[in-house]
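Undergrad: Here are the chains, one letter per residue:
Number of protein chains: 2
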Amino acid sequence: MKHLLTFLLLLATTSLHAQTTVEKWGCAELSFTHEAQGNPFDVTLEATFTNGDQSLSVRGFYDGDNTYRIRFMPTEEGTWSYTTRSSARALNRQKGTIEATAPTAANRGMVTTDGALGFRYAEGDRYHPFGTTNYALALFRPEIQEQTIQSLSKAGFNKTRLCILPKDYPTEHDAPTVFPFEMVSKSVDEAGKTVYKWDFTRPNPAFFQNLDRRILQLQELGIEADLILFHPYDKGVWGFDRMGEEFDRKYLEYLVARVGSYRNVWWSLANEWDLVRTKKYEDWKTLTRIVVEADPYRHLCSIHGGSAVYYDYHMPEYTHVSFQDEGPLFTMTAAGTMRQIFRKPVIADEIGYEGNTAFRWARWSPQYMTHLVTNGIMGGIYVTHGECYNAPGVKDWVFWSDGSVLRGKSWERIAFLRKIVEEAPEQIRPADICRDEVTSTAGEGYFFVYLGQQIMRDWVFNLPDSNSRFKRIQEGDKFRVEIINLWDMTIEECPTIFEATERINYRHYDKGHRLVQLPEAPYLLLRIRKVES
Amino acid sequence: MKHLLTFLLLLATTSLHAQTTVEKWGCAELSFTHEAQGNPFDVTLEATFTNGDQSLSVRGFYDGDNTYRIRFMPTEEGTWSYTTRSSARALNRQKGTIEATAPTAANRGMVTTDGALGFRYAEGDRYHPFGTTNYALALFRPEIQEQTIQSLSKAGFNKTRLCILPKDYPTEHDAPTVFPFEMVSKSVDEAGKTVYKWDFTRPNPAFFQNLDRRILQLQELGIEADLILFHPYDKGVWGFDRMGEEFDRKYLEYLVARVGSYRNVWWSLANEWDLVRTKKYEDWKTLTRIVVEADPYRHLCSIHGGSAVYYDYHMPEYTHVSFQDEGPLFTMTAAGTMRQIFRKPVIADEIGYEGNTAFRWARWSPQYMTHLVTNGIMGGIYVTHGECYNAPGVKDWVFWSDGSVLRGKSWERIAFLRKIVEEAPEQIRPADICRDEVTSTAGEGYFFVYLGQQIMRDWVFNLPDSNSRFKRIQEGDKFRVEIINLWDMTIEECPTIFEATERINYRHYDKGHRLVQLPEAPYLLLRIRKVES
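Chains as they are written, first to last, in the numbering used here: chain A, 1 to 533; chain B, 1 to 533.
Hints are computed from structural coordinates only; laboratory data are not their basis.
All the given hints hold, so there is nothing to weed out.
In silico DSS-like pairs for lysine-lysine, Cα to Cα no more than 30 Å straight-line:
no.	chain 1	residue 1	chain 2	residue 2
1	A	K193	A	K235
2	A	K235	A	K250
3	A	K197	A	K279
4	B	K193	B	K235
5	A	K285	B	K344
6	B	K285	A	K285
7	A	K344	B	K280
8	B	K285	A	K344
9	B	K235	A	K471
10	A	K235	A	K279
11	B	K471	A	K235
12	B	K471	A	K280
13	B	K419	B	K154
14	B	K186	B	K250
15	B	K197	B	K285
16	B	K24	B	K250
17	A	K471	B	K279
18	A	K471	A	K511
19	B	K471	A	K279
20	A	K419	A	K471
21	B	K280	A	K471
22	A	K419	A	K478
23	A	K279	B	K344
24	B	K530	B	K419
25	A	K186	A	K250
26	A	K24	A	K344
27	A	K280	B	K344
28	B	K344	A	K344
29	B	K279	A	K344
30	A	K197	A	K280
It should be emphasised that the depicted structure is a prediction, and the values quoted were computed from it without experimental measurement.
Just chain A, same shape as in the assembly (with noise of 0.2 Å):
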């Protein structure tokens, strides 16, 4: 009931000609009744927001009920004027102001690439995705929707991936009841099978208005919706992978009508497009520019394919790269080289899941799951985590598409080495890439040792020369070391202040030649920052 307030409110709507004040970041909304002739849906209906030199233009959509929308998202403070156009006389030239104040504190904008190999949100922080699988956050029984709201709402993620069209998957206990499109006939065939006919020129509003709630609520936790708008998983069941160029345009312009105003709104053209039989190599280029033109914010954009297969992430399109491959998260050294590849910040969104089932991709053991997603981390790159538990004889839900609650162990973890990432003063990345397979660096004088899957005793104080692009350790400079326990969630200081040597063979040493002494444990990582004289 919380979030339904909270969403009402949010909809900041509008009557014609009025002023309307949003915040930097928000979402305006101004909506008109009208009674179309023939197909509602045909209507077309758009308006250009200006402000100063700033202009942008969003698409309307046709909400049902004769309600018409427009939904906007200033990107700058100030007044936006704007002027509709439509075919629908009643619709045209309407004309108003939207009055955009400062963002408050927990709107710090839209996410976009720092131009380099990590993210930032528009007001400047920067973002590290730490984000989990909800396949079916949006499209199965409305109180599964809620408690996967409330799971996340605990979890400490920041990012979820969710499918837009409905899945149909051997793990699936429920089948959608509410449909992206109209719904014609539904009858049952000579062999028993449920066949659909849609009007693909009629989408159900009522499917995308709990779309749009789902956004906003992972909005309001801070947590960024990556949208895939196409995957294999329909199998047949609904025909929504076979709607062909006509429709598939029209749904993603609908799409981004409704949802591109939306801050936290990701896009990723498929979930393994390589396993969707019905497109070929260079309908995803088509399909990602359609996309791309309808979306005047430019939202991070992306596609993602099955196992170690890549799409061509050099397109100007893509903002980053989304992976499915497990090999580049075994080591550092591995995740490193996929940092250096792309010229673009990359994240692994699957590489397999923590769980118990029999299929090989979601069994991960919680400690391998955390140790990938800090091999990633490490690397300078992104890791996507999901979690698979079926509980034997038991109708259980899966957090990875059903949602539901979690019931495994990384998420925790995952959320206390985040932490740990957002402290560090820059993007971590190997210090010395290719010739250094345990350190990274966030800056100078701040690196990261981890130990992964050892248990050691000690420790020998040494770092590389190489220091990534920052300033290296010069001799005499002193430092002291953390002992992060990632699988216990402790941070203890070691008491020792290590003295650098100058470069021997490419390394520093301690001067004194001492030890960190470790605890008996695996999944240390060592915090190693330079004291201050």
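Got chain A sorted already, so can you dock chain B onto it with the hints?
TA: Just chain B now, with coordinates in the frame of chain A:
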């Protein structure tokens, strides 16, 4: 002497209007005498060769001594007629024909990509690059150059990387004495440094004639010449890395005119492009396009960065990837990732060298060098050898750079591995990418299991159900196993015939749970082939 004769025989010179015969993929050479007014290098000269629908245009070049030459490689058998165009009337509108005959057995044509992730000779055979590195192959004392060629004639490599422009490097004992441009002056400045002045409008024919000769010697040995067009090793000594845009272009066009009609030429725009301080990121695109536009044959073309620095390999000008990064060779899984990303063939052209120097990039053991090459092959990419032995106290030659003799131990193992790779029916690649870290496939019923640095007593017969794009194992398939010792270079057959179970948890085992007994040795590669029944 033998080589010089061969060289002269290969150069089928011709007088005006003559008809000359050359084999397909051989090099026909037209020569013209003309005494230019002014700088003879300023005379433009090109010719178009036509054979039916095919038409290829190449530039000619001035070779000193009032001699102009046009070289042409016929890409089809038959009669090619040509017409010249020149700014000098005497060289203009010269006409004639070239008769291209069937290639002899040793001539399999120019190497190109196979349209996927491998290479082929134009005549159809698959080409697997097993290369080495001889930066100064054509640069230092002639007797050392000859010695290097002699070494290569015995080594078993089918590719080498060599620099065109002189290099200065701590391991060199000789400085070049013949230079690519006419020297205007040589003096010593106040600081005692030798200062050269060059006329970049006048290439030095003697320098390039030697280069021609070395390339043709390599060709005769079946070795591809991967020509490095720029590099960061000038170190302010001669200034060939800062000629400026106009002279860079002239240099490239002159070089392509001279050697672009030799079938074994590849273009590598640079070694360690990022370390060439005089050129910017975008400059490499310009330079690459100059080469590709000047080359009507579309020789293989790439660019090579410093450690873990990748370029925009998606550019259509680049036929393949040529990276420097050791990390992706530490495991076959990491190499397999590289195979997946680029949608082009991948060569790891510098992953450290076998040697004993103080430099960490030049002190791999021969065992580890062999291991890295094998990891690459198992991952579906190719890895280049190099060798850097310094004998303490002795001014020795370093094969990687200076050339001369091979002193290491990996080259022989790599030649042995090459035979195994060439026997395989398909390019080797991971059978079950990122899931199986030891098994590769070369087709239906043709697997390799690499046990790497482990010494195992026995190996439980087991293979993955996934088999890249090839047909999977069926229950009842029978296999024989050979134990290949990559270090001892032996192949031993295991007496047992194994019989595959049905798929059990993604794998197939032997029905009798039988083992392969192994010798007590590391670097074992099992070749497992289906027995045809």
